[in-house]
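Residue numbers (numbering that gives the first Met the number 0), protein chains in the order written: chain X, 0 to 516; chain P, 0 to 249.
It should be emphasised that the hints constitute simulated quantities derived from the structure, not laboratory data. Just so it is clear, CB atoms sit at the ideal spot from N, CA and C, and this is done for glycine as well. Certain hints may be false.
[As the list claims (entries may be wrong)] Residues from chain X shown here face chain P by an in silico Cβ test under 8 Å; the list is partial:
1) 128
2) 130
3) 160
4) 162
5) 165
6) 166
7) 169
8) 282
9) 306
[Stated by the list, open to error] Dumping the calculated DSS-like pairs for lysine-lysine here, alpha-carbon to alpha-carbon at most 27 Å:
10) P/53 - X/165
11) P/180 - X/165
12) X/165 - P/73
[Unchecked claim] Simulated restraints, written as ranges between beta carbons of each label pair:
13) X/425 - P/64: 22 to 32 Å
14) P/104 - X/425: 57 to 67 Å
15) P/67 - X/128: 25 to 35 Å
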Amino acid sequence: MNPTGTDLLLPGQMTPAAVLDALSTRLSLRDGAGAQRDLRFYDTFDGLLHAAGLAFVHESGRLALVSIDLGAEQAGMPAAVAPGRVLARELEAGPLRDALTEIVEVRALTALVRIHSVERTFGVLDSADKTVVRLVLEEPVVVASPNRRLPLAPRIRIAPVRGYDKALGRVRTSLVSDLGLQAADRSMLDEAVIATGATPGGVSSKVDVALAPDQRADSAAASILMRLAEVMESNLPGTIADVDSEFLHDYRVAVRRSRALMRELKGVFPVEQLTRFRVELRWLQQVTGPARDLDVYVLEFDALRSGLAEPTRSELEPLLRVLRDRRAIAHREMVRELRSERAAQLRAGWPAFLGELVALPSDGRPDAPRPIGELAGERIAKVYRRMVKMGRAIDDTSPPESLHELRKQGKELRYLLELLGLALHPGDVVKPLVRALKALQDTLGRHQDREVQIATLRSFRDDVLTLRGGAGALMAMGVMIEHLGEDERAARAEFAEVFAAFASKPQRALVAETFSS
Amino acid sequence: MSRVLATYNIKGGVGKTSAAVNLAYLAARGGARTLLWDLDPQGASTYLFRIKPKVRGGVRKLVRRRSDVENLIKGTDHDRLDLLPADFSYRHMDLALDAAKHSTDRLARVLEPLRDDYEYIFLDCPPSISLVSENVFEAADALLVPIIPATLSSRTFEQLEALVEGGPQVLAFFSMVEVRKSLHREVMARLRATHVTMLGAAIPSADEVERMGVDRTVVSEIAPGGRAAIAYEALWWDVRRRLVARGGGA
């Protein structure tokens, strides 16, 4: 079935009974236990467990993390009822929570597929009647809904018994060569997911659009933006249902990337539509902003608090309550906007416009027919040069705004490099540049985030004061603000060094050589 | 980290192998990854699991850690229960241990790489007082000591407690009990009253225990729900409880 290749499928016309008959003439079999299994599988929206070769399953009162071929259990815990959604941080502390957190972090696990399987286990015996290999005949059925059951092809799983590798090889050969069984190229779980019409591995928010340097710039822009629109669309239901915070995050990244691309490649769009859609996408960004900011506070609350010593730390509880309440309100408001007529029109109108972009007349779109490789190079070089100039002008006396402005340009450059640079220019130039940029952005980001966090904490003061324990919390917040201020100053002090690496002479020469036409 | 439990008695024929095999089976059936190491050159528990009494490289390589112990392990017919088989060369285990450095903790060192893989490791020991038993005392967290309730058994028990003082926990239990014999009843009552480490469960002398050698399996499969099967379950429950009481997992 999969990485281990232990699952075999029966040849076309062969029934399980016929296989067993044929097997028992060749091997000495002991008919063992039969079992009816009810397996409910979970994964994150983007299939993080699948990518790690794992599956999360609820079966007979137990939640477990197992290998994707349903082999060894890596960690588990009792759970009488199959949960609707699983957040690692909400599980009881223990090996399962640790193992899961490492892979999925903040992402929620949601129900993927349910399988009923009738199993019969047979021991293959040696001359001393000792079991040397186990064969498990599985007849799985996907329970798509109470009234919709989709049988999957029966399979035989070969389960090794430790220390009997030779026998395992012999049995496998006999099944494959003599009986014509074939190694299944997909796990039972993947088969089940496919049967329900979904794709194994979940839904990716990666962009990964193939581009050719001589492709028309408008066609390249349309393909990337179309993919970004798809990412927004696929993350919208999870954002609205508040499944986990990553839906909104990925949604907003796609909006921001779309806006950056429109700004940088504005010469490929007709002016009127460009203006209209830029206004609309900015609106989307704005209406989703407060909910995301509060998500970040709630997620980072523990990390922020961990800088404090007891008893100050526990005195912060009222603040968490304020954060959660505000987050709930912000989320409700955001959902109202995302369900509005305005949002619906944008969802329909934006992809429709992208679909016809290439066919529109080129008048007033001077960059539309240009090769994307050349145009992208120009833009990357230009934004890079602008950043170098802005960064050089920053010294110890510069206001914080100058660092914020530089960070904005840095985001622009990052999107250009990720969306266009990686696909169109040599990776050995783009990747190190992305790394240097990332180091710079991390420092700038920390600087700005701390400043915003301080301002936000101050804005919560009145709310916190009205709660029981509010005075203590307020004092604790004061200590926290002090810590944040220190970190902000530290980030500012690091700036000169990371900027120097980003704007070094060899780096500048490399950018000029690679991206300027 | 696994718990290492050794079935041990200076005397032979008291039910060590039956206890090791049946308790290891129950541990595995309860969900724990379990290993049984058959240290007795006679290989009785290896035979009961229908496994060839063969260890590639023999005892010398094994105690000097020249063989990869993980490759010597065999799966049994029971889920989660593995066996490290006996080998005829084990009859020279004392000599092999004596020839090696750190001669009293060689067995513990052999087990070292396995201790994360198994929740319980059972050692089925040959009857003797020797370098092998010294190694067993060093490696084991607890000794499970079967005692036949006869006149000299109390003496055996006291000797053993003196022998392992400061070493593993000693958990003794009555074995091959015939409740119709008044002597058995008297000895049991006396020992239970005077020794707190005496476990409550007692294994009866029963047909199904004797049948193990013929059917080559555990009593829970020969006579599920029978007297002996229930007695081993009670014993396993009692052992786990005592291990917990001493602190740590299980």
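Going through the hints against the structure:
1. 128: 6 Å, holds
2. 130: 4 Å, holds
3. 160: 4 Å, holds
4. 162: 4 Å, holds
5. 165: Since chain P brings no Cβ nearer than about 12 Å to residue 165 of chain X, farther than 8 Å, the hint is violated.
6. 166: 11 Å, violated
7. 169: Not OK, violated: residue 169 of chain X not within 8 Å of chain P, min 16 Å.
8. 282: 56 Å, violated
9. 306: 34 Å, violated
10. P/53 - X/165: It holds: about 16 Å lies between the C-alpha atoms, which stays within 27 Å.
11. P/180 - X/165: Given pair residue 180 of chain P, residue 165 of chain X is violated - Cα atoms ~51 Å apart, limit 27 Å.
12. X/165 - P/73: The given pair, whose Cα atoms are some 12 Å apart, holds under the 27 Å limit.
13. X/425 - P/64: 22 to 32 Å: 52 Å, violated
14. P/104 - X/425: 57 to 67 Å: Once the Cβ atoms are compared, 59 Å apart, the range 57 to 67 Å for residue 425 of chain X and residue 104 of chain P holds.
15. P/67 - X/128: 25 to 35 Å: Because 28 Å falls inside the window, the suggested range holds.
Checked against the numbered hints listed earlier, the structure breaks hints 5, 6, 7, 8, 9, 11 and 13; every other hint is satisfied.
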